[in-house]
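Position chain Y relative to chain E; hints supplied.
Protein chains in written order, with the working numbering: chain E, 1 to 237; chain Y, 1 to 387.
Check the hints yourself; a few may be wrong.
[As the list claims (entries may be wrong)] Quick list of in silico lysine to aspartate or glutamate cross-link-like pairs, EDC-like style, CA-CA up to 20 Å:
1. Y:LYS12 x Y:ASP252
2. Y:LYS243 x Y:ASP55
3. Y:LYS157 x Y:ASP105
4. E:LYS218 x E:ASP182
5. Y:LYS12 x E:GLU111
6. Y:LYS220 x Y:GLU379
7. Y:LYS12 x E:ASP145
8. E:LYS22 x Y:GLU63
9. E:LYS225 x E:ASP88
It should be emphasised that the hints constitute simulated quantities derived from the structure, not laboratory data.
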Amino acid sequence: MTPRTVEDALIRCERVTKSYRKGENTITPLEELDLEVPRGDFLALMGPSGSGKTTLLNLIAGIDRPSGGRLFVGGTDIATLSRGRLADWRSEHVGYVFQLYNLVPVLTAYENVELPLLLRTMTGDERHRRVRTALELVGIADRHDHFPRQLSGGQEQRVAIARAIVADPTILVADEPTGDLDRESAAAIMDLLCRLNAELGKTLIVVTHDASCAQHAKRTLTLEKGRLIGSPAGVQA
Amino acid sequence: MIPPRLVPLVLKQLVRHRVRTGLTAAGVAVAMFLFVGVETLQQGVRRATGAAADDTTLIVYRENRFCPATSRLPQDYVRRIEAVPGVVSAVPVKIVVNNCRASLDVITYRGIPATDSGGVGSIAGKWEFLAGSLEATASRSDAAIVGETLASRRKFKVGDSFDASGITVVVAGIIRSSEPQDQNVAYVHLEFLQRAAGKGGGLGVVTQFTVRVADPARQKEIASAIDDLFRTEADPTTTRPEKAFVAQAGADIVAIVGFTQWIGWGSLAAVLGLVANSIVLSVQDRVREHAVLQTLGFRSGLIARLIISEGMLVGILGGAVGTGIALAVIRSGSFSLSQEGMSVPIEASWSMLLLGLGLSTGVGLLAGLVPGWRAGRTEIASCFRAV
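Next up, chain Y with everything else stripped away, as it sits in the complex:
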């Protein structure tokens, strides 16, 4: 944009006007902090609810129910679901949460059978054990495999015990999973959870079935076939792709997060206004200085580019600080927005850092365009006459 030998000139202008630069960059940082926070939420929602062409997971839930406390299905449905053509596996899942409402700190128990087929073996393929092992869960009935986000937020280690909803478990392993829903739950033995949650009377009843199908293109057809099986039963079902199910179960969260996008865009607009205002004031203060530069032979375009570079550098500086702090807070907090047992992961990512830096740079550039162009086009003689 400008020759390298002129970069120090731009840096000196910024460093030696440190109060103005610092205040502008601080404003940019605050706005970018907000933007990155909101955009991270949006990204989490997209990740949790956005359908992909290779999705193969269906959720079978009690018809017209959206809360784990009210979805009660007979466990023996599993054999009939497994018999539907195209189904690879079906896992009965009991879900217990310590808070049904939207919250940043929910503990979700998922009880699944300890079997290789139709149990933990069907879903453990996506897990990477960060501590402990699957084998360690076999030795005790109250063992729990905890997702990385939950473990990090509650600072759980293997061997720790914790209590939620009156159910006490012991951490036997900590996992990282490519599935967003696995990251914020504690997997426990199904029978243990049925007994603990139902005070002994919950055996044979589960919340949902997690079904894997062979062909992603046949998800809809298989979902209909499953629901047809139980249409006349006392407990009819509704079967949906997992991402669609999360979007419906967490509809409140999705709606709120969707609204927050306006806060994000508002923050960006604030950055634009702030940097533009700072540059306009700076250019007004330096009318004579720019006229002198033109007298020395600086072309109009070069002066415009010097001014735009200042805006970009302030944008980069503020953007780096704001984005960096936002991502550090998000990473250290290990937040996960949960509702009805479904989680929306809030995770710091490199792509968000690049997005924050790119946008703040772009906004800095945009903010400098008009003042830069006007400064470069000013008639030199009139500047000396007017000032």
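In isolation and in its complexed conformation, chain E is listed as follows:
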């Protein structure tokens, strides 16, 4: 593995803490976490339920904010961005793949993939070309006019991945992308993610419970009770 410096790190978490109130209690899913992820990495985050994997992923993706510490992505401390600027940042830098796909049910596969591009100024032809390319890349172009209810779980996840990559984001994050799929479909999805990392150089962070899925990653980190254990930040697990 190539040694990294702070400047190499695409993502750098410095003593990041996340806590929120739930009724009378304060929940702290992440506590003073340090982490560096270099550009082009494929990182698997593992750990038991409630260990803070998804919280960390959400913080890195900019859909949640840390309660303490600093979180740099591409040199930007995203915790300091306003709500609107953070939305713009997400549209430019983040592709998010959900466990339950979260496709918009009234839109076809094509229209779901097109969504991120509707935020950008480009011609209809350019938009069409990029959507077609993304659909072909994930091998679902022939189902472009199908609604989510007409697709299998694996096919829906392919559409979700196409939606995540269509705007050419800097980081691709996936929260249990195979958690709702059978073994065969899960393997196919992980192969696809590996290809995106290897061929397109996408920085990829995947949360998973499944060790066989984690084996596809270049390195694995384990979280427990909001802290990284076993594998120090930035070190091959």
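Chain Y in isolation, oriented as in the chain E frame:
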């Protein structure tokens, strides 16, 4: 409001939730139908009774009488009225109606002299003949010139004869007039109507005088001068501007129509509640979807505007259908609300179409504001945790 490239996204949400959209739009349509119907009545009352700065018409009626059947004035008052300074013309008018009560289908005969001065010539300047001609009335005593609304409602054509209150006339012309009262009456020869209505004994007696004055600002002064002339006569008079006279003669109608404005506003409130409820339910159903859109980079304000646009489009759709049907019914029915021989026209107008569309759009927008704002402000992570 939203970039054009996002308009198809809003349309797809509406079209592909067609049951919800259809039911909401249908509710809006029913409410807007009611609102436009009521507002058209209000507009008719305003047109018939609202005074304008350039009004020059006075009505001289028998004092303390409001019904054509009981207002009886000597026809020869006309010469003394014409002599009052400031009066341009005075036309003696005999009015016979087939129904004194408030009704949507009253036939009102107005008998006026067939003379150029002090007769039909004094008021025909505001008429546009849609069929027949003024000259055609000269050839027969039972000729009638019928207002466009009455002709349309009863489907009269030139040459048709009709009977009301036991008086049979023949249609010699159909007119359109800028005066609301002309649109719903049948003008006939005064002497013919006096004979027919009074069984030969009504000659020399009229219901009212229609007086034109030169200076609108002097209406009040001239009205007083006319009433002073006849104060000590056996048949004293009360003279008022025409619009004020209509408002008093049709006071029941004006009061009822005034009350119906609450139905109109109630309908609008129903539209607001209906669309807001539909949007709130829709937003609740799509919490996760909106969180996904935010994850993709849609700003809070943009999500709010998408939701508001949905409300506006449902409002426009329902408003267009409801307003369109209401105006079509009003146009095809050629209704006119009449009482004591006075008419309140109920007419479809482009301004009403614009009002209906504008209000339903505005209500749709208003209904989407709060749900849109709340959907846009939701924390993304909490949506995925909660759902």
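Fill in: Hints the structure fails to honour
Violated hints (numbers, rising): 1, 4, 6, 8 and 9; every other hint is consistent with the structure.
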